[in-house]
Amino acid sequence: MLLTACGSVDEIRSARLEQATEFNQRGQRAFQRGEYQAAATLYEQALQIDVAIENENGIAINTLNLARVNQVLGKTALTQRLLDHLLEDKALRYAPAHLAEAAVQKALLRLQENDTAGATLWADRAAAFCESDCRIVGVIDNVRAGIALRANDADKALQLSERALSANSDVPLERANALRLMASARLMKNEAVAALSLTEEALVIDKSLGLPEKIRQDLLLSAQAHEKLGQAELAAQCRDRAARIAATALK
Amino acid sequence: MKLPNYNQRLLSMETRTKRFMLGAVAVMLLVLAMIAAKQDYFSRSTAIYFFTPNAQGLSKGMAVKFIGFKVGSVKEINMEPNATVRVKVSLDDEYVHLIGQDAKARLVKEALVGESVVEIIPGSQQVRQVSQNSVLEFERGQDASTVVENLAAQLQPILSDIHQITSSGDIQQTLKNLNQASGTFRQTVNEYTQLGANGNKAMEHINSSMETLDKAIPKLVDKADATLDNVQAATADIKKITNDSAGEIPSLVRNANALVQDGQETLGGVKRSWLLNSLFTAPEEQSLPVDGYVAPTQP
Numbered sequence: 001m002l003l004t005a006c007g008s009v010d011e012i013r014s015a016r017l018e019q020a021t022e023f024n025q026r027g028q029r030a031f032q033r034g035e036y037q038a039a040a041t042l043y044e045q046a047l048q049i050d051v052a053i054e055n056e057n058g059i060a061i062n063t064l065n066l067a068r069v070n071q072v073l074g075k076t077a078l079t080q081r082l083l084d085h086l087l088e089d090k091a092l093r094y095a096p097a098h099l100a101e102a103a104v105q106k107a108l109l110r111l112q113e114n115d116t117a118g119a120t121l122w123a124d125r126a127a128a129f130c131e132s133d134c135r136i137v138g139v140i141d142n143v144r145a146g147i148a149l150r151a152n153d154a155d156k157a158l159q160l161s162e163r164a165l166s167a168n169s170d171v172p173l174e175r176a177n178a179l180r181l182m183a184s185a186r187l188m189k190n191e192a193v194a195a196l197s198l199t200e201e202a203l204v205i206d207k208s209l210g211l212p213e214k215i216r217q218d219l220l221l222s223a224q225a226h227e228k229l230g231q232a233e234l235a236a237q238c239r240d241r242a243a244r245i246a247a248t249a250l251k
Numbered sequence: 001m002k003l004p005n006y007n008q009r010l011l012s013m014e015t016r017t018k019r020f021m022l023g024a025v026a027v028m029l030l031v032l033a034m035i036a037a038k039q040d041y042f043s044r045s046t047a048i049y050f051f052t053p054n055a056q057g058l059s060k061g062m063a064v065k066f067i068g069f070k071v072g073s074v075k076e077i078n079m080e081p082n083a084t085v086r087v088k089v090s091l092d093d094e095y096v097h098l099i100g101q102d103a104k105a106r107l108v109k110e111a112l113v114g115e116s117v118v119e120i121i122p123g124s125q126q127v128r129q130v131s132q133n134s135v136l137e138f139e140r141g142q143d144a145s146t147v148v149e150n151l152a153a154q155l156q157p158i159l160s161d162i163h164q165i166t167s168s169g170d171i172q173q174t175l176k177n178l179n180q181a182s183g184t185f186r187q188t189v190n191e192y193t194q195l196g197a198n199g200n201k202a203m204e205h206i207n208s209s210m211e212t213l214d215k216a217i218p219k220l221v222d223k224a225d226a227t228l229d230n231v232q233a234a235t236a237d238i239k240k241i242t243n244d245s246a247g248e249i250p251s252l253v254r255n256a257n258a259l260v261q262d263g264q265e266t267l268g269g270v271k272r273s274w275l276l277n278s279l280f281t282a283p284e285e286q287s288l289p290v291d292g293y294v295a296p297t298q299p
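Top line first, the protein sequences correspond to chains A and B.
For the first sequence, my numbering begins at 1 and goes up steadily by one.
For the second sequence, my numbering begins at 1 and goes up steadily by one.
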């Protein structure tokens, strides 16, 4: 028995699957370094292999990654097509968690275009895909908070973002997002001091993650808070810092 | 019945023992006879003597030769009461008639590093031959060191003369004068050449250059030829090596590929095995974290 157990091996993974995994991991590393075009190419290669071997999990993952990269690159139309392809696929059945992520991305795209109704619709669909142990509950709350802000509903935004903060205690990216949304809600409510504190907390997290665009957003929120506090010089400094980051054109 | 047989056998054994003993004695006698023959006990000889101030170079049994043939040997070497050495030589009677009373015994070396022998120098044929107890005159022949010493003694005065001649003022003065005369002659020739050659200087330069070129070009061509030959030889070697190994390279590459693949498969197998799969988690495709934030449109 022991010998049998010692000799047993895991499920054999095909060389093609190994290759797709390798492309996927290389894409992840490229994305983390901010090499988005390279990441897009690698995800495409991984997706091509996954389609060829009909690896449903891989197809969903690499389609979502490709959509995300294209969103960062500003190719919203392509992002839309990729997400639609995943959400409207009748032939293959994908995991609900992946469909929930696709729906959230759709909601974010709608929100980016100030389509609050569409964003709400896709946020609701995302929540519907999400099951009990859904790992993007906090993300959905942040999206909804963002929708509430667009609708100038500061209280709802604050409520949702605080819930998102507690839900994303172990996810720094979403935690910083929640803090930023809370700061915006506080600013909307003219609570500049609280907003400044929240943005500073978010700034620390975003700097630790090395996300230029998020750092820039934090600095702009800080500038607004300083302006509301009558600290024009500090506000100017924050804007200047944000402008320097924007000048690098790194996202 | 048995006793007669026993006696008969005993008698037979006794007979055979006697035969054996006789044979052994015969062999011993034969050996002794041969030794005696070797020691000239059966040949008749005549003993003669010579005297020498010392026994240096002489030894008992030393050969005595006459015109290159061995005619006897030294039998005894004894010191006399007057501190001289008496040497007894035994001569074969066969050769005694050839040796006169006035013959001499000379100690010589057969070669530069050979054995010493006593050589009988023949005397006058008219003189009566030696007889028993005759005494011959003795002399020592020159050995190599003596020859060298004599040669050195003869060369010494010659070398001294040469040294005297070369170091004398006359010779030196003569050489100096000759040197001066040679220098003057060279100068005169140079002046003459300069006068006549000024006009042709450019031509000489050209000729000189052309000569240099004529000398240099063949060397360069030779060197170039040699270089090309070397290059050609090297190319041929490379071509040969490439041709020889051409058939092996693809198989080598295939083997290397197979080896790498085998290694990867083995490593993969080890990684997936029950004992180690917890240490090496199989990589899986991962999705990017969803970023739930959209920056508000700037006013």
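Since the hints were derived computationally from the structure, they do not count as laboratory data.
By construction, the Cβ of each residue, glycine as well, lies at the ideal position given by its N, Cα and C atoms.
The reader is advised that the hints may include incorrect statements.
Said to hold, decoys possible - Beta-carbon label-pair distances, calculated as ranges:
#1 B:A233 to A:A15: 32 to 40 Å
#2 B:A282 to A:D115: 40 to 48 Å
#3 B:A282 to A:S169: 23 to 31 Å
#4 A:Q19 to B:P289: 22 to 30 Å
#5 A:N152 to B:A282: 33 to 41 Å
#6 B:A282 to A:L250: 44 to 52 Å
#7 B:P289 to A:A128: 57 to 65 Å
#8 A:Q19 to B:A233: 22 to 30 Å
What the hints assert, rightly or not - List of simulated lysine to aspartate or glutamate pairs, EDC-like, C-alpha gap at most 20 Å:
#9 B:K70 to B:D93
#10 A:K156 to A:E131
#11 A:K251 to B:D291
#12 A:K207 to B:D291
#13 A:K75 to B:D291
#14 B:K65 to B:E80
#15 B:K104 to B:E137
#16 B:K38 to B:E80
#17 B:K104 to B:E94
These are the hints, each one checked on the structure:
1. About 49 Å separates the C-beta atoms of A233 (chain B) and A15 (chain A), a value inconsistent with the hinted range of 32 to 40 Å.
2. At about 41 Å, the beta-carbon gap between A282 (chain B) and D115 (chain A) stays in the expected band of 40 to 48 Å.
3. Distance hint check: the CB atoms of A282 (chain B) and S169 (chain A) are about 29 Å apart, consistent with the given range 23 to 31 Å.
4. Range check, Q19 (chain A) to P289 (chain B): Cβ separation about 24 Å, and the 22 to 30 Å hint holds.
5. The beta-carbon spacing between N152 (chain A) and A282 (chain B), approximately 49 Å, falls outside the hinted interval of 33 to 41 Å.
6. Here the CB-CB span from A282 (chain B) to L250 (chain A) is close to 34 Å, at odds with the stated 44 to 52 Å.
7. Taking 57 to 65 Å as the suggested C-beta distance range, the pair P289 (chain B) and A128 (chain A) does not conform, at roughly 21 Å.
8. A hinted range of 22 to 30 Å is violated for the C-beta pair Q19 (chain A) and A233 (chain B), which are about 49 Å apart.
9. The suggested pairing of K70 (chain B) with D93 (chain B) holds, with an alpha-carbon distance near 12 Å, which does not exceed 20 Å.
10. Restraint check: the Cα-Cα separation between K156 (chain A) and E131 (chain A) comes to about 23 Å, which exceeds 20 Å; the hinted pair is violated.
11. For a cut-off of 20 Å, the pair hint linking K251 (chain A) to D291 (chain B) stands: about 13 Å separates their Cα positions.
12. For the given pair, K207 (chain A) sits about 16 Å from D291 (chain B) by alpha-carbon distance, which is consistent with the 20 Å threshold.
13. Simply put, K75 (chain A) and D291 (chain B) have alpha-carbon atoms about 16 Å apart, close enough for the 20 Å limit, and the pair holds.
14. This hinted pair does not check out: K65 (chain B) and E80 (chain B) have alpha carbons roughly 25 Å apart, beyond 20 Å.
15. Note on K104 (chain B) and E137 (chain B): the hinted pairing holds, with a Cα-Cα distance of about 5 Å set against a maximum of 20 Å.
16. The hinted pair formed by K38 (chain B) and E80 (chain B) fails the criterion: a straight-line CA distance of about 30 Å is larger than 20 Å.
17. Proximity of K104 (chain B) to E94 (chain B) is assessed by CA-CA distance (about 19 Å); at most 20 Å being required, the pair is judged to hold.
Comparing the model with each earlier hint shows violations of hints 1, 5, 6, 7, 8, 10, 14 and 16; every other hint is respected.
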